[in-house]
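Residue numbers (this note's numbering), protein chains in the order written: chain A, 1 to 466; chain B, 1 to 295.
Keep in mind the hints are simulated off the structure, nothing from the lab. Among the hints, erroneous ones may be present.
[Unchecked claim] Calculated pairs, EDC-like style, for lysine to aspartate or glutamate (alpha carbon to alpha carbon, straight line, at most 16 angstroms):
1) B:K56 with A:E210
2) A:K464 with A:E399
3) A:K138 with A:D19
4) B:K102 with B:E279
5) B:K259 with B:E191
6) B:K31 with A:D13
7) A:K390 with A:E418
8) A:K459 with A:E399
9) A:K383 with A:E431
10) B:K124 with A:D260
11) A:K324 with A:D230
12) A:K383 with B:E128
13) B:K56 with A:D230
14) B:K233 with B:D215
15) A:K229 with B:E128
16) A:K318 with A:D237
17) A:K310 with A:D357
18) A:K390 with A:D305
19) B:K124 with A:E418
20) A:K391 with A:E449
21) A:K301 with A:D260
22) A:K405 with A:E415
23) B:K124 with A:E415
24) A:K390 with A:E431
25) A:K306 with A:D238
26) A:K464 with A:E449
27) B:K56 with A:D19
As a plain string of letters, each chain reads:
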Amino acid sequence: MTNKETNDISYRDLYVSPDKIYPRQVNGHFARLRILTVLLLLGCYYVTPWLLWNGDQAVLFDLPARQFRYFGVTFWPQDFIYLTLLLIIAAVGLFLFTTIAGRLWCGYACPQTVWTETFLWIEEFVEGNRNKRIKMDKGPWNFNKLTRKSTKHFLWVSYALFTGYTFVGYFSPIRELGLNLLQFNLGPWEWFWVLFYSLATYGNAGWLREQVCLHMCPYARFQSSMFDKDTLIISYDDNRGESRGKRKKNSDYQLKGLGDCIDCNQCVHVCPTGIDIRDGLQYECIACAACIDVCDNVMEKMGYDKGLIKYTTEVEEKTLGNEKTLFFRPRTIIYTSIFLVVVVAFFYLISNRIPLDINVLRDRNNLYTESFSGEIENTYTVKILNMSQKKQTYVLRVEGFNTIKLEGESEFEIESGEILMLPVRIKIPGEQLTRRSNDIQFTIQASGEEAYKAASAAKFLGPKKK
Amino acid sequence: MSEFWSWWIILITVVNVLGCWALLYWTRRVKGSVGENETTGHVYDGIEEYNNPLPKWWLNMFNICLVFSVAYLILYPGLGNFAGVLGWSQTNQHTEEVTEAKKTYAPLFEKYALIPLQQLSKMKQATEMGKRIFVNTCFGCHGSDARGNPGYPDLTDNDWLYGGSPTNIESSIINGRNGVMPAFEAALNAEQLDNVVQYVGQLSGNKVDIAKATDGKMVFEQHCFACHGNDGKGNIALGAPNLTDSNWLYGGSSTIIAKTIREGRMGAMPAHLDILGKERAHLVAAYVYSLSNRQ
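Make the full structure from the sequences, and use the hints.
As structure tokens, this is what we get:
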């Protein structure tokens, strides 16, 4: 502002409360698909910790014990590589599906969407449909509003608490946790996580909703870089729809120069992020397809063709369907190959996983010692971890030289989940050593039917050759 | 922290917290109105950016942070020398955790402290505990496998400088030992030295010059018998090693034996009472005892 306007200064807030969005409930093909995924995903989430395997909780991530139990297999922090691979699979999978089908994740599978959906069901159940909710929120506080609001929040909070309890149930045995929770007898961290996760569920799914997608979600911001002209998007057909306008049913609207869009604004009312899909593709669109469902219903009532708003791709939209969507394109082929490679690597490694770990530490202060008989000695502490589910007998060997002696126990039993610390001394005749630092290898082999092996390389230090 | 620096830090912290709040307050709105669908003027690949306000909850998160920082500064040390209402400090937390750990482990140590060594050496948990302490504390000289190094005895055989009974072992650990082999350079001439070296070699079965060894025997009986005994079998009361076996602390070649006699040796096992405490020493002793008394 160059000229001074001292009398009429208008201010504009840089922070404004966003308008509350009241998404209308929809029926239709994609809504049914979402309800199905919601039930499936939440079902898995709430049921999994209750499953038993040989009498124990099937899925339990026991952090204090550093044991991650998964249907009879125990994973250890040493197995972190599998989690890494799993996360890579998830990431590449997300990229692949985004490239092909756009924001499939956002619309159907994201926890934010899934829990918001269930919170909306509760809201609708207690406060009624969109119009009733808007009317009630505008109206004065009365007994009806107070009871309905408090009932809603009570249900939300209870549901959120159960969600938080279930979450902690993955890390702390869920049955005991339930009893302890009822007696208000949890540890400080259990309390923290139950309450924190509950608060996050209640806050995100009850209050923040689309704000999470618009302002917090990183994926919402970078997904567009995976889009190309062949990616599935939800789009309003401008050519068919415009110009939009109200009309009577069965009137000859084309004569008046109107398109198929009757401007009923239903697509705006159902949108969980409050956008108008007719303005074109926007980053706010989570591709939930609610507008497709509702518009199809309206088109059906009007006796028009369905698909005024539909899943399509930029290429089909621009060429009016003359050019077909290219499914096999460099992007999808590369993502698919990476995806398959990582998946195969994951399953290969998992099926060849050895429930045994060996760790060798050379004694810190000694370089080497020379025995009276001329042998060079190095001392090591060998740590052996039995990651299997049962007690095992193992044999320890050392290799790397023609004559290499191991002094100390070489055959022993280790209980399941125990670490054996084994100090051993390795002796090599001096004349065999040509260098100061030599490579040797410790191998540990399980005895019995499953004779799997684990190995660890170590350095053997000797004197400098004259 | 001196009074000046304390106030300096308080000043900086308070000014910063207030400054953040003032900045938020003064920048929450700007002069002038904005038209419908006005853009910021930024264009990327044809994509324009609306000049829309941030959501209000964003501002509230800043406010929550400020409230949190005030609460934190009241509860915890942050304002110069002010210790905070909770009185938390790293030292206190450490002390508390140590006390807590002692409370957890003390009963175990106390229980084992009352069990005689011989019996304790057969209890797996006790010897595993002892082993861990040994590997941490004793490995430097004896090796983590306890087989010793030149000058530091092997603890896994049954040859003991100061005796291998439970009491002896425990006493060696708790009180330490000082082994002294005096230097005989002044007392013996070259010939006597050579002879006694041959004799000592003969005691442990080395091939030696018999004539010299016979002469050496006389030297031995004159100078060495007091500690090593007439038969050369040593004396555990003095820590004088047995010379008739093939275990050598410093080496059994004639050169090394000669060096040992000429220059003497000082063996020092430090006392571990202050380092380990009685209860831990007891567990280490049980472990060491178990090494040479396997079933």
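Comparing the hints with the structure gives:
1. B:K56 with A:E210: Between K56 (chain B) and E210 (chain A) the Cα gap is close to 14 angstroms, so the pair holds against 16 angstroms.
2. A:K464 with A:E399: 22 angstroms, violated
3. A:K138 with A:D19: At roughly 13 angstroms apart (the allowed maximum being 16 angstroms), D19 (chain A) and K138 (chain A) satisfy the hint.
4. B:K102 with B:E279: OK: K102 (chain B) and E279 (chain B) at ~12 angstroms, within 16 angstroms.
5. B:K259 with B:E191: 14 angstroms, holds
6. B:K31 with A:D13: With Cα atoms ~9 angstroms apart, K31 (chain B) and D13 (chain A) stay inside 16 angstroms; holds.
7. A:K390 with A:E418: 10 angstroms, holds
8. A:K459 with A:E399: 12 angstroms, holds
9. A:K383 with A:E431: 29 angstroms, violated
10. B:K124 with A:D260: 84 angstroms, violated
11. A:K324 with A:D230: Since the Cα atoms of K324 (chain A) and D230 (chain A) sit roughly 9 angstroms apart, the hinted pair holds (cutoff 16 angstroms).
12. A:K383 with B:E128: 13 angstroms, holds
13. B:K56 with A:D230: Answer violated: K56 (chain B) to D230 (chain A) is near 37 angstroms, above 16 angstroms.
14. B:K233 with B:D215: Violated, because 19 angstroms separates the two Cα atoms, which is more than 16 angstroms.
15. A:K229 with B:E128: Status violated; Cα separation ~66 angstroms.
16. A:K318 with A:D237: Roughly 10 angstroms between the alpha carbons, so the hint for K318 (chain A) and D237 (chain A) holds.
17. A:K310 with A:D357: Cα-Cα ~55 angstroms, so violated.
18. A:K390 with A:D305: Not satisfied, since the Cα-Cα distance of roughly 65 angstroms exceeds 16 angstroms.
19. B:K124 with A:E418: With Cα atoms ~13 angstroms apart, K124 (chain B) and E418 (chain A) stay inside 16 angstroms; holds.
20. A:K391 with A:E449: Answer holds: K391 (chain A) to E449 (chain A) is near 13 angstroms, not above 16 angstroms.
21. A:K301 with A:D260: Measuring from Cα to Cα gives roughly 12 angstroms; hence the hint holds.
22. A:K405 with A:E415: Measuring from Cα to Cα gives roughly 27 angstroms; hence the hint is violated.
23. B:K124 with A:E415: 13 angstroms, holds
24. A:K390 with A:E431: Violated, at roughly 43 angstroms.
25. A:K306 with A:D238: 14 angstroms, holds
26. A:K464 with A:E449: 44 angstroms, violated
27. B:K56 with A:D19: 11 angstroms, holds
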